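These protein sequences, in sequence, are chains A and B.
Sequential numbering of the first sequence, starting at 1, is according to our numbering.
Sequential numbering of the second sequence, starting at 1, is according to our numbering.
Be a bit skeptical, because a hint or two may be false.
To be verified - Stretch by stretch, here's where chain B covers chain A in the computed footprint (C-beta under 8 Å, at least three residues):
1) 56 to 70
2) 81 to 94
3) 112 to 118
4) 130 to 144
To be verified - List of simulated lysine-lysine pairs, DSSO-like, C-alpha gap at most 30 Å:
5) B:K46 x B:K34
6) A:K147 x A:K125
7) A:K125 x B:K34
8) A:K125 x B:K46
The hints are simulated quantities; they were obtained by calculation from the structure and are not laboratory data.
Note that the structure is a prediction, hence the values are computed from the model and not measured.
Beta carbons: idealized from backbone N, C-alpha and C, even for Gly.
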Amino acid sequence: MTVRVTEEPFDPGAEIAAFNTAHGHAGALATFTGYCRAATAGRPVGTLYIEQYPGFTQREIQRLADDVSRQLGTLDLLVVHRVGAIRPGEAIVLVAAMAAHRAEAFDAVRLLMDYLKTDAPLWKKESGPDGDRWIEPTAHDHARRAKAGEKV
Amino acid sequence: MARLVFLGRFREIANPALAQVTLPGGVRTLAGLKDWLAEAEPALGKALDSARTQIAVNQVLVRDPSHPIVHDDEIAFLPPMSGG
Numbered sequence: 001m002t003v004r005v006t007e008e009p010f011d012p013g014a015e016i017a018a019f020n021t022a023h024g025h026a027g028a029l030a031t032f033t034g035y036c037r038a039a040t041a042g043r044p045v046g047t048l049y050i051e052q053y054p055g056f057t058q059r060e061i062q063r064l065a066d067d068v069s070r071q072l073g074t075l076d077l078l079v080v081h082r083v084g085a086i087r088p089g090e091a092i093v094l095v096a097a098m099a100a101h102r103a104e105a106f107d108a109v110r111l112l113m114d115y116l117k118t119d120a121p122l123w124k125k126e127s128g129p130d131g132d133r134w135i136e137p138t139a140h141d142h143a144r145r146a147k148a149g150e151k152v
Numbered sequence: 001m002a003r004l005v006f007l008g009r010f011r012e013i014a015n016p017a018l019a020q021v022t023l024p025g026g027v028r029t030l031a032g033l034k035d036w037l038a039e040a041e042p043a044l045g046k047a048l049d050s051a052r053t054q055i056a057v058n059q060v061l062v063r064d065p066s067h068p069i070v071h072d073d074e075i076a077f078l079p080p081m082s083g084g
């Protein structure tokens, strides 16, 4: 399992290719990549800032990934999460799951993303022409998280 | 000296001098620390006063307000998280 929190832009395609090379005979690979939007609810976004709590953030994401792995029996998981200043179009997060069959791979990616939305120690601020705005999980995020499982 | 860490929107409100602070002798628990902060910095105290604020002591989440605080502890105040 690999969890990386990075200030540097990353190439999701290259990350997925490397992850796949390491487990080419597993059977199923599912991935999700989240990108920085150019606008949120009609407001243009100039830069997205994501703040971490160094050390703690990495360990907590690792704990969430361990939990998903235990629940779904995946063979391996990869999480890459950007922090710092991110421009529209750049990748924010990549989650990849390798499993024997598609159901476990799809489920692992979805569950880990639901966990990350509400439980990963990261704080987002959008900055645009009409000012700065801290973003907190929506009611929808919390509802998805509640449905995904009890607090881990 | 205790180290206080304020994340996200709390960092923008907190006095930077709080990063390294000598706590008064009477401040011995997390609840005591929150009360002391609310008195010293009312705007910060108000922001922290939410059921959704989480606190980590030495990088471990702690939910018990009576958790003791000792010299050299790192105490972090975390607003609601939003990854992904």
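30 Å Cα cutoff - pair K147 (chain A), K125 (chain A): 26 Å, holds
K125 (chain A) paired with K46 (chain B) [C-alpha distance capped at 30 Å]: 20 Å, holds
8 Å C-beta criterion, at least three residues: is the region 130 to 144 of chain A covered by chain B: As far as the region 130 to 144 of chain A goes, the hint holds, because 5 residues have Cβ atoms under 8 Å from chain B.
Coverage of the region 56 to 70 of chain A by chain B (three or more Cβ within 8 Å): holds (count 3)
30 Å Cα cutoff - pair K125 (chain A), K34 (chain B): Holds - the C-alpha atoms of K34 (chain B) and K125 (chain A) are around 25 Å apart, at most 30 Å.
Given coverage of the region 112 to 118 of chain A by chain B, tested with a Cβ cutoff of 8 Å and a minimum of 3 residues: holds (count 4)
Chain B covers the region 81 to 94 of chain A, three or more CB atoms within 8 Å, holds or violated: holds (count 3)
Pair hint outcome, K46 (chain B) versus K34 (chain B) [Cα-Cα no greater than 30 Å]: Holds. K46 (chain B) to K34 (chain B) sits at ~10 Å (cutoff 30 Å).
Violated hints are absent here; each numbered hint is respected by the structure.
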